[in-house]
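Participant: Just so you know, the protein sequences line up as chains A and B, in that order. 115 is the number that the numbering used here gives to position 115 of the first sequence; each next residue is one higher, with no gaps. 266 is the number that the numbering used here gives to position 128 of the second sequence; each next residue is one higher, with no gaps.
Don't read these hints as lab results, they were simulated from the structure. Please note: incorrect hints may appear among the correct ones.
As the list claims (entries may be wrong) - If the Cβ cut is set under 7 angstroms, some of the chain A residues that face chain B in the computed set are:
{"#": "1", "residue": "Tyr39"}
{"#": "2", "residue": "Trp40"}
{"#": "3", "residue": "Glu74"}
Said to hold, decoys possible - Rough simulated footprint, nothing fancy, chain A against chain B, three-plus residues with beta-carbon under 8 angstroms:
{"#": "4", "segment": "173-183"}
{"#": "5", "segment": "199-210"}
{"#": "6", "segment": "227-237"}
{"#": "7", "segment": "247-261"}
The beta carbon of each residue, even a glycine, is placed where N, CA and C say it ideally should be.
Number of protein chains: 2
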Amino acid sequence: MATEVDPFLTQWHRAVTAKDLDALHGLLAEDVSLGPPPYWGRLEGRDLVHHLLGLIIETIDAFTYHREWQHGPELALEFTGHVGEVELQGIDLISLDDQSKVRRLDVLIRPAQAVDALREIVAPKMQSYFADRSKGAA
Amino acid sequence: MATEVDPFLTQWHRAVTAKDLDALHGLLAEDVSLGPPPYWGRLEGRDLVHHLLGLIIETIDAFTYHREWQHGPELALEFTGHVGEVELQGIDLISLDDQSKVRRLDVLIRPAQAVDALREIVAPKMQSYFADRSKGAA
């Protein structure tokens, strides 16, 4: 199947700005990987990436997309928002696979203070998620 | 004059990867503004922005451009490099004016550790620059 960028973008915008996490799940490839703002290491796999993305989207208020760039299946989507009082500007760098699902996503955010504010809220929730997963596996 | 993106890109790549700060100066509009990775506030004016950009370019080793996006005079340029041992991925979001000069530039970098490493080296040099400027003005 050929990658179809425009339908993907419409669905992605809708899922993110409506915080519709079920719809977001359907847009991720099973082997998706995420490069998060605070860490160099990548997160791998749809359930894990979906969970972290959901926490990020829930934590950033007034999430709004601005400039967008497309080059084949490679996308760059600029957004703004805020975490508490801290304003932020970010970009999603997205690679789509041939099913028009996200196979690679890097999220870059400035300023550093916003990354810190985001991490303070999201990191403990990710720790709970990992703890619950390991209990489920035991 | 119409914005000419391709000649700009050729010159920008050359100036940045060769660390040619004179050539870089010629690519900036007089009223250019820069949104730096660690701070929300913008730096305004060619000499100031040029000085900070020069310090950033000198501090990031193995500066390499990767994916690039164009949409009219709006550009997104992905790069990688490292500060000491800390690897980084960044993006230049560039708006060109009708003279094909940079009128707005935002630099986003991940991970947070790389922004910290960059700031540790660049911030004291910027302080010296401001101190010298205020001496010159006295």
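Participant: Where does the structure disagree with the numbered hints, that is, which hint numbers, in rising order?
Facilitator: none
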